[in-house]
Amino acid sequence: MKKLFAIAVLFVMSVGFVSAQGFQNSTPEERAKMLTDRMNELLSLTADQKTKVEAINLDYSKKLSEQMTAAGGDRDAMRSKMQEMNTERDKKFKEILTADQFKKYSDDQAERQRQRGF
Numbered sequence: 001m002k003k004l005f006a007i008a009v010l011f012v013m014s015v016g017f018v019s020a021q022g023f024q025n026s027t028p029e030e031r032a033k034m035l036t037d038r039m040n041e042l043l044s045l046t047a048d049q050k051t052k053v054e055a056i057n058l059d060y061s062k063k064l065s066e067q068m069t070a071a072g073g074d075r076d077a078m079r080s081k082m083q084e085m086n087t088e089r090d091k092k093f094k095e096i097l098t099a100d101q102f103k104k105y106s107d108d109q110a111e112r113q114r115q116r117g118f
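Residue numbering for the sequence shown follows the numbering used here, beginning at 1 and increasing consecutively.
Check the hints yourself; a few may be wrong.
[Said to hold, decoys possible] Calculated lysine-lysine pairs in the BS3-like style (CA-CA distance at most 30 Å, straight line): (1) Lys-62 to Lys-94; (2) Lys-94 to Lys-104; (3) Lys-62 to Lys-33; (4) Lys-63 to Lys-103; (5) Lys-104 to Lys-92; (6) Lys-50 to Lys-63; (7) Lys-94 to Lys-50; (8) Lys-33 to Lys-94; (9) Lys-63 to Lys-104; (10) Lys-91 to Lys-104; (11) Lys-103 to Lys-91; (12) Lys-63 to Lys-52; (13) Lys-92 to Lys-33; (14) Lys-62 to Lys-81; (15) Lys-94 to Lys-52; (16) Lys-81 to Lys-103; (17) Lys-33 to Lys-50; (18) Lys-92 to Lys-63; (19) Lys-81 to Lys-94; (20) Lys-62 to Lys-52; (21) Lys-62 to Lys-104; (22) Lys-92 to Lys-52; (23) Lys-92 to Lys-81; (24) Lys-91 to Lys-52; (25) Lys-63 to Lys-33; (26) Lys-91 to Lys-62.
FYI, nobody ran anything at the bench for these hints, they're computed from the structure.
Put together the whole structure using the sequences plus the hints.
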């Protein structure tokens, strides 16, 4: 039974690692679509919201790619810039999402950061 549990845990971890690698190696357009699809599942976006959210995610993904290239491995500079970019993106989301959707989005973001150890 313990072996089965260990195998299941390893499988789940490997799937998570592969999907994270896929996200990092994807184009800004692919990342924007993945982010939008995830938000749509979480928030049940309207068609209009989905279009606007995808545009914001595309802009964010393009800026993120540029920043990753410009930072040249300086993690502190990258983290600082990403925090600014996240704040800017969240302001745009707040204008589009309902109060309930934005709260759900914010709670999800906080949980993801907690899981990553930030």
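Next on the checklist: Tell me the hint numbers this structure goes against, listed in increasing order.
Outcome noted: none
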